Amino acid sequence: MSEQDSSRDFGRRDFLKGAVVGGAAAATVSLPQSAPAQQPAAAAAATTPASEGYSFLNLEEAAFVEALVDHMVPADNLTPKGTDMGLNIFIDRALSSGWGKGERLYMQGPWKLGVPSQGYQLPLTPAQLYRAGIEATNAHCVKTYGKPFDRLDEKQREEVLVGLSTAKITFDNGPPVRVFWTTLYQTVMEGMFADPIYGGNRNKAGWKMIGFPGVIAVHRENVAKYRDRPYPADPISIADMS
Amino acid sequence: MVTKLKEVDAVIVGLGWTGGILGKELSEAGLKVVALERGDLRVPAKDFAVPIVRDELRFVVRHELMQNTARDTLTIRNNPSQEALPMRRLGSFLPGDGVGGSAVHWSGHTWRWTDMEFRVRSMYEERYGKNFIPADMTIQDWGITYAELEPYYDRFEYTAAVSGKAGNIKGQIQAGGNPFEAPRAREYALPPLTPIQASVMFTEAAKNNGYHPFPRPSANASQAYTNPDGAQYGACQYCGYCQRFGCEANAKGSPLTSVIPIALRNPNFELRTNSWATKVLKDSDGKRVTGVAYTNLLSGEEFEQPAGMVLLCAYAINNVHLMLLSGIGEPYDPVAQKGVIGKNYCYQTGTGATLFFEGRYFNPFMSAGGSNATIDDFNINWDFDRGPHGFVGGYSVAGGFNSALPIGYRPVPRGTPQWGKAWKAATAKWYQTAMNIGASGSVMANRYNYYDLDPTYRNAFGLPLMRMTFDYKANEHKMGEHAARTVNAIARSMNPTHLNEAVARTLPWTVVPYQSTHNTGGTPMGTNPKDSALNKYLQSWDCHNLFVVGANVFPHNASYNPTGPVGALAYWTADAIKNRYVKNPGPLVPA
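Here the protein sequences line up with chains A and B, keeping their order. Numbered as in the numbering used here, the first sequence ends at 242 without a single skipped number. Numbered as in the numbering used here, the second sequence ends at 833 without a single skipped number.
In short, the hints are calculated from the structure, not lab data. Predicted model, so just to flag it, every value in this text is computed and none were measured. A virtual CB, placed ideally from N, CA and C, is assigned to each residue, including glycine. Be a bit skeptical, because a hint or two may be false.
[As the list claims (entries may be wrong)] Distance windows between CB atoms, simulated: (1) B:827 / A:240: 35 to 45 Å; (2) B:415 / A:123: 37 to 47 Å; (3) B:662 / A:123: 31 to 41 Å; (4) A:218 / B:529: 27 to 37 Å; (5) A:173 / B:662: 26 to 36 Å; (6) B:507 / A:218: 25 to 35 Å; (7) B:393 / A:111: 51 to 61 Å; (8) B:629 / A:123: 50 to 60 Å; (9) B:601 / A:108: 47 to 57 Å; (10) A:228 / B:716: 39 to 49 Å; (11) B:414 / A:239: 46 to 56 Å.
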């Protein structure tokens, strides 16, 4: 059954798997096409596609992350969709940064799971955890739906995320679901609300959504002036001031 | 190969508030002082400049200014029957790293702890009888009084640019201040901060409920200020980036802005950064310390710095760790109930409610570190009868914000989906239209909450990690229930559109998420060497030329933030060393 579904749904994954092209070229193909200059200002999302591409995620992982962030952050009148906000790029960059490689993480054994109150105890860097978690989630999706997460429909994706977030899904071979989900969720939120310098929150769309003014914050007079009144925030980022 | 250096009068380990205060005071008194700091020197003008300092991901989420757990951490467990495992990354608490220590990234809340803490066992026994205190609650009097400490609180508050409103000047209750506070000699250094909408609404609601709200005293300069040492502070900009950040406006009370640069100008004072103390050295009979062994982190070279006296001024946890690693004093044993080093580790507890108001605007991004209104009716108010509620200690309740930045602060009503359009809509709707009321509670010392050295895990220097054994006990759970009821009653009286009620904690303490960097105890001060590590001058009972300064000296933890008494005790110890110890070295209190 899964074979049939796969063959009918000959998508980008299969094309890329079969394509005899280098990784960099493949990664470029996998990016959403965008033409910022031709987009209306309000919808302008991707402004720097030329510098994009993945530094950590492989093709399957990139497809998973793109599907994840577009499902968690769908386009509506508040923001563009997740990939148009650069959340996939944020996550990729985070995983290839010092944080993703386990900088500041105590990585000496012996390794034991312990009890939940003892916090993170896996012998994995965040990047390794992500990789293992995506693989295990896709394995669950193939087993359950006959295809990986990025090729599920909306309803199925929702089922998987609910299953991950409530730990109703357990991995046959993979990291603890709760630990993976916590990291996954946290990175999506970081991509949404961290300074755009890290690749997410493109055009400060996350900050505009909530009215957060960003890095300029000289409110000595405003604190009384805008008390119980909306502050007209036009957010400013680190790059805007640099 | 260890290089032995030339002896100095005093070596300080750790250069934050306490090391900065002692370094300045002792070098001004003519002593040759060397300060060893494991981290770097950060210069506010370049390291905390806009825009680079305004980065929530870097400073809050990724812990830029904090201790690096890859190099040194603790192992954690809730009780002695568990196997402790390493805290592999920071979470519940965030010790600072670098010159200035945690005082670079603190919020500035500065309180005066009173005799209700310093005489805790006596006061509860006198009022409620000995049986009121559970057998395993190892609280003890501190050996010091508020009256002794008052001038030193004053000194610290004026050094650190504390803004607030006095509630009791020489016994006269002052309108607008905290009526429960112990008498102070004079007003705060600066007037209170401008209230934000959340503190205005909390103040009104607290009054309507019969309580006594006041603006939280905080080392955020409400105006430009020059302190008595000539250090200059800028005025707080209510930038919303306070907790976890260095201050771009030099408005946060910090040793980096005050005592440390003054000490650095004194030729008697020398700072060595990237210098990791591994051991306090003792003489052959163990009665005196002789110096400190340390590693230069830039070269890997090992040094021995001989000194006439040693002052441990690192973060509270690290001071205790060094004592245990150095074999000074008897390690605490909870079974035999013998020994004192590692005893009485305490933390804090708390609960909070989120209130959602359609049509109100709280602008959570406009706040100082101390933009709260607070009530102490259930804290240092001794008229509050704990008898019927059966707990020792208290809690303060506050309404306001501190560093409500959007990766970490996105309030939504309980039951809101965690993603998708409904999540986005709720997040957008409530970010600016919600406020918090929180309670912060004391934790009483317990026989089974303590530190020792871990038998398994080691740090980057091959030394055993500190092992922390901690959980909340019935006393804290009873207080938590009382606090949740108080918070919810105040919150409901404000008629919010939605209310996420405060829920009393029932689960064990966990190493995630962030809770509070108020770790206390481990080398308790006290009246005798049997149940304390240090005398009232923070002098070791075992080695009279060793002083251990910081919240590690607290025999228990109060509801209040610890920095007020930490700073005051540093000045108190500096005076004892300058005026008494150097003239006649020896125990300042007979054992």
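Here is how each hint holds up against the structure:
At roughly 59 Å, the beta carbons of residue 827 (chain B) and residue 240 (chain A) sit outside the given window of 35 to 45 Å. The hinted window of 37 to 47 Å between residue 415 (chain B) and residue 123 (chain A) is violated, with their beta carbons roughly 59 Å apart. Between residue 662 (chain B) and residue 123 (chain A) the CB atoms are about 34 Å apart, so this pair conforms to the stated range of 31 to 41 Å. Judged by the Cβ atoms, the range 27 to 37 Å given for residue 218 (chain A) and residue 529 (chain B) is violated: they are separated by roughly 56 Å.
Taking the beta carbon of each, residue 173 (chain A) and residue 662 (chain B) are about 29 Å apart, inside 26 to 36 Å as hinted. In this structure the supplied range 25 to 35 Å holds for residue 507 (chain B) paired with residue 218 (chain A), their Cβ-Cβ distance being about 31 Å. Checked against the given bound of 51 to 61 Å, the beta carbons of residue 393 (chain B) and residue 111 (chain A), roughly 52 Å apart, stay inside it. A hinted range of 50 to 60 Å holds for the C-beta pair residue 629 (chain B) and residue 123 (chain A), which are about 51 Å apart.
A hinted range of 47 to 57 Å holds for the C-beta pair residue 601 (chain B) and residue 108 (chain A), which are about 54 Å apart. The beta-carbon spacing between residue 228 (chain A) and residue 716 (chain B), approximately 42 Å, falls within the hinted interval of 39 to 49 Å. The beta-carbon spacing between residue 414 (chain B) and residue 239 (chain A), approximately 54 Å, falls within the hinted interval of 46 to 56 Å.
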